[in-house]
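Q: Those protein sequences? They're chains A and B, same order as listed.
In terms of the numbering used here, the first sequence has 339 at position 122, counting the first letter as 1, and numbering is strictly consecutive.
In terms of the numbering used here, the second sequence has 439 at position 366, counting the first letter as 1, and numbering is strictly consecutive.
One or more of the hints may lead you astray.
[Claimed, not checked] With a cut-off of at most 25 angstroms between alpha-carbon atoms, the simulated PhoX-like pairs for lysine-lysine come out as follows:
1) B:Lys450 with B:Lys440
2) B:Lys722 with B:Lys178
3) B:Lys722 with B:Lys665
4) A:Lys228 with B:Lys400
5) B:Lys436 with B:Lys279
6) A:Lys228 with B:Lys178
7) B:Lys436 with B:Lys450
8) B:Lys276 with A:Lys228
9) B:Lys178 with B:Lys665
Calculated from the structure, these hints are not laboratory results.
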Amino acid sequence: MAESITQLLLKWSEGDQSALDQLMPLVYDELRQLARSYLRRHAHNHTMQPTVLVNEAYLRLVNQHQVTWENRAQFFGLASKLMRNLLVDYIRQRRAAKRGGGDYNLSLTFADKAARQQSQSEIDLIALDEALGRLAVLSPQQSTIVELRFFGGLTIPETASAMGISHATVEREWSAARAWLYSQLSK
Amino acid sequence: MERGQSLALQPIEQVSNPKIMTPERYQQVNEVFHEALNLETERRAAFLDWACASDPQLRVEVEAMLNSHDAAGSFLAAPAVEAAAGEIMTDEHARSAPENLAGQKIGHYQILSHLGSGGMGDVYLAQDSRLGRRVALKLLPPEFTKDRERVRRFEQEAKAASALNHPNIVTIHEIGQVKTSVGPVHFIAEEYIEGLTLRRRIKQEKIPLLETLEIAAQSANALQVAHAAGIVHRDIKPDNIMLRPDGFVKILDFGLAKLTEPKRSPADFNTESPTVAYNKTQPGTILGTAAYMSPEQARGLDVDARSDAWSLGVVLYEMVAGRAPFKGMTPTDVIVAIVDREPSPLSLLSPRPPSELERIIAKALAKNRDERYQTAKDMAIDLKNLKHRLELDAALARIPKPENTPENAPEIPPEVVDAARAARYRTDELVPRQTSVRASLASPAAKPALSRVRRVVAILAAVVAISLAASLALWLAWRPRSSTPTAPPAPERQFTYWLTVQQMRDHKEYKEPYQSTGQEPFEAGWKFKLNFISPQSGSLYILNETLTSGGAITYRVLFPFPSINNGSAQIPANQPIQTGRYDLTERQGAEKLLLIWAAQPAPELEAVKGLVNPKDLGLISAATQLNAVRDFLAGSAKSKLEIETDNSKAQVNVRGQGDVLVIPLELKHH
Chain A
218 MAESITQLLL KWSEGDQSAL DQLMPLVYDE LRQLARSYLR RHAHNHTMQP TVLVNEAYLR
278 LVNQHQVTWE NRAQFFGLAS KLMRNLLVDY IRQRRAAKRG GGDYNLSLTF ADKAARQQSQ
338 SEIDLIALDE ALGRLAVLSP QQSTIVELRF FGGLTIPETA SAMGISHATV EREWSAARAW
398 LYSQLSK
Chain B
74 MERGQSLALQ PIEQVSNPKI MTPERYQQVN EVFHEALNLE TERRAAFLDW ACASDPQLRV
134 EVEAMLNSHD AAGSFLAAPA VEAAAGEIMT DEHARSAPEN LAGQKIGHYQ ILSHLGSGGM
194 GDVYLAQDSR LGRRVALKLL PPEFTKDRER VRRFEQEAKA ASALNHPNIV TIHEIGQVKT
254 SVGPVHFIAE EYIEGLTLRR RIKQEKIPLL ETLEIAAQSA NALQVAHAAG IVHRDIKPDN
314 IMLRPDGFVK ILDFGLAKLT EPKRSPADFN TESPTVAYNK TQPGTILGTA AYMSPEQARG
374 LDVDARSDAW SLGVVLYEMV AGRAPFKGMT PTDVIVAIVD REPSPLSLLS PRPPSELERI
434 IAKALAKNRD ERYQTAKDMA IDLKNLKHRL ELDAALARIP KPENTPENAP EIPPEVVDAA
494 RAARYRTDEL VPRQTSVRAS LASPAAKPAL SRVRRVVAIL AAVVAISLAA SLALWLAWRP
554 RSSTPTAPPA PERQFTYWLT VQQMRDHKEY KEPYQSTGQE PFEAGWKFKL NFISPQSGSL
614 YILNETLTSG GAITYRVLFP FPSINNGSAQ IPANQPIQTG RYDLTERQGA EKLLLIWAAQ
674 PAPELEAVKG LVNPKDLGLI SAATQLNAVR DFLAGSAKSK LEIETDNSKA QVNVRGQGDV
734 LVIPLELKHH
């Protein structure tokens, strides 16, 4: 029986490196499914908040009920870091494969769609990851907040309780981090 | 914010080289940034003049952040998974063949959404505009259809498969091709199955033994019918086995694997991975498929019915053990394991599976096909016999041991006797009545139940007195399928419902309302009310199934409603309840409702009944609530139901065991 992602995450957070190897394919699988449902959403042109969808995916990824309160903060910290690594590696590999293979036969109509698609998901995760690395040097707290919020999908109150700081601090630091990262990425 | 507070920032001389950002410098930039942010936009410039008077570089940094803050819009608003999904999607797009067609029309099929991708190409949910039904539309990738000979073979096979008519086989509606801007597209339109694949079910949890046997037996039944028609599936795997919420198993893609197989001869074996050479673009798919190949398939030999028996054996092993019997890092490794290795013995599992099950699997997985099950029928019989035996063992284990002479035979609990009586009454009554039981909703156990009664009666007669055995056997046969063998029999619940339909024309009421069972097609725009009555008191909930923007199933709460029944779900016995009026939307299709009749108020549903307000429109959008409702429905979906449409009274009678009855009601409209 395949272990659940949460169990694997917990194992990994307890220092079991082999859990990570089992974890990756599961997370990738979820991501692909997410991508497909994303695709369907665009096809429908629905108006539902994207976060609903993503929260759903994240809830599937990480069953928070299995996590006890004691290790919750640490767990979310690790899970967010892991998500960051996985996502960035994933995108990096994909791009490498695309450059190397180069055998995608894009029809003209599709190329057009792809271009529009690109502009919609305007975030370059790899560039963001690098900028976040620089931010970690300047303000470790802001970098952690971004990790928890953006990669971990936590809300502001969840981030505050995971880090043991006030909502107001999270909001303040988040807005600064966001502005700084944005300026870095638009350079 | 007063200026005085930022005075602490002033000793800028500390920053020797302001171009190099340090944590201290960043801190300083941040503080000025926050100060400025708290000001009205028009006052910011003056503030910066003052705060950065001696440090022009500071001003540049702060202004960059302020500008970014204003321009950032939804930057980072959606979590990273979504951004990644966008990128992945672009790739999936590029891979999908012939291209993403959602929203477009293929012949008379309007493509609604993308359901998934497989070795056969992409599968879409589509609306058949001619017959007004939803179908699963498979579009075959051009690389598979370039070879005309292969297309011919495929069409021949698909046509044969479409002639198969069996409840465990997905119905193929149409096979054809249409011309599009990217050339001819071959498609298959088939029955759209709601439910989940066995693959997902295996991932979710360990499947209980009796359910495992039921799934395998229904699959074997399907194979038996196909084999009798000369069709070999060739690609039995958990991804091709669909489980419907009502317990039906449906096998997909009969014979279609032929299309994706390369033409090859036995001589090809020993060349590098000959069996997987055809599908280089999807390594995951190959690995997934290779695990279920029979040794003869792996060798590139011709396949026959016995190859399907092998693959079903692999699936059965995986359901029991939670992992596939033949594994490897590459398809070649898997193939070596299939041809050469014995799977890890099931006897090592804890709890140890019944030895009969080990025997069945070992027989299905004999490397030499002459030693295997020669027909799927034989396998189905063994599976069913084992299932019956286990059910009987479990039932017998509940009877107090052994001084079971008729004189001091144990008392059967009164509720058992009642259930048995009710069951007998129902059996007698149902058969001759001029009513139609909707086959699609009846439990698949309904048919075997009668033969099971006979078997059980025969065996039990030796153990206890005949009269006792008869009621006990009926109790065994009629207790709810989903319960574990040790669970007490659930009480019977029943209710009757009907629709009051108001026809509409040009948005005006047209003719008198009429009473309906909801089975005829309606016109879009018509309105209806639901009527409900039960001889028992309980809680009534009505949900409307709908899709989230992500394509996942979600629900809209229709009942309870504040202005009806005091907003409560609780309905007294024998009191008719009429719901509010609902519109059938202008868009054609099917409106799916779930009628839920529960002995006790269901907390999961009570939690969402407040959503019936103009803002939420009843839509359950909170993930936790939605998950709770889904779990609740999944947990209740297995209760056995008898749904009886009484056309003479234009009403539907529902009976079932269990504390919760969930009745799907689909209203078709065009």
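Q: For every hint, state whether the structure bears it out.
A: Evaluation of the provided hints:
1. Between Lys450 of chain B and Lys440 of chain B the alpha-carbon distance is near 19 angstroms, which keeps this suggested pair within the 25 angstroms criterion.
2. The suggested pairing of Lys722 of chain B with Lys178 of chain B is violated, with an alpha-carbon distance near 41 angstroms, which exceeds 25 angstroms.
3. Our distance criterion of 25 angstroms between C-alpha atoms is met by Lys722 of chain B and Lys665 of chain B, whose separation comes to about 23 angstroms.
4. Note on Lys228 of chain A and Lys400 of chain B: the hinted pairing holds, with a Cα-Cα distance of about 24 angstroms set against a maximum of 25 angstroms.
5. With a C-alpha separation of about 23 angstroms, the suggested pair Lys436 of chain B and Lys279 of chain B falls inside the 25 angstroms cut-off, and the hint holds.
6. With a C-alpha separation of about 48 angstroms, the suggested pair Lys228 of chain A and Lys178 of chain B falls outside the 25 angstroms cut-off, and the hint is violated.
7. Pair hint Lys436 of chain B plus Lys450 of chain B holds up; C-alpha atoms about 14 angstroms apart against a cutoff of 25 angstroms.
8. Of the supplied pair hints, the one linking Lys276 of chain B and Lys228 of chain A holds, its CA atoms being roughly 18 angstroms apart against a limit of 25 angstroms.
9. A threshold of 25 angstroms between alpha carbons decides the hint, and for Lys178 of chain B with Lys665 of chain B the separation of about 24 angstroms falls inside it, so the pair holds.
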